[in-house]
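Asker: For what it's worth, our numbering labels the leading residue of the sequence shown as 2, then goes sequentially.
Please note that a few of the clues may not be correct.
Claimed, not checked - Below are the DMTMM-like pairs computed for lysine to aspartate or glutamate, each with C-alpha atoms no more than 25 Å apart in a straight line:
id, residue 1, residue 2
1, Lys26, Glu13
2, Lys134, Glu79
3, Lys39, Glu13
4, Lys134, Glu64
No lab work stands behind these hints: they were computed from the structure.
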Amino acid sequence: MDTKVSQPIYQEALAINRNIQSLTKGYYSNGNFNLAFKIKDDIINVCNLLDMGVSARFEHTFEGYYLEAKEQINLLLEHIRIANSVRMIRGGFPDELVNRIRLLRMRITLLLEMFRTTVPLDYLTLSNWARQKLTYT
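Generate the whole structure from the sequences, applying the supplied hints.
Answerer: Structural data, given as structure tokens:
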């Protein structure tokens, strides 16, 4: 697989991971259901799936990892929504972080729609399309 588009998506997920890890610093699992720990786990799973997708040699495995990462992002967004509604973190998760996660999900969606077509794809075009699609939805 050509990684010129998938590698920057993975790098963006790592940047989001760093932000989430710094926001949830000090929240650890105590054996019970801990939402902060679950959010940390969700973003780590997203990063792992995208990493395996970047290194995938076949289109069907690439597609499988990215579809699973997209589902995991949906779960992450749901957990963040719940955490914000119960005021788990003082000030909540910033809107810009949630928007970055939504933009990442849209980039993955567009990449999955476009990677088997003959349309030349680059990261900047994909990002612009994702931003436009998010503003119209």
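Asker: Would you mind marking each hint as holding or not holding in the structure?
Answerer: The hints, checked one at a time:
Restraint check for Lys26 and Glu13: satisfied, since their Cα atoms lie roughly 20 Å apart, inside the 25 Å limit. Distance hint between Lys134 and Glu79 is fulfilled; the C-alpha atoms sit about 20 Å from each other, no more than 25 Å. As the CA atoms of Lys39 and Glu13 are separated by approximately 20 Å, the hinted pair is consistent with the 25 Å bound. Only pairs whose Cα atoms come within 25 Å are accepted, and Lys134 paired with Glu64 is accepted, the gap being roughly 21 Å.
Violated hints are absent here; each numbered hint is respected by the structure.
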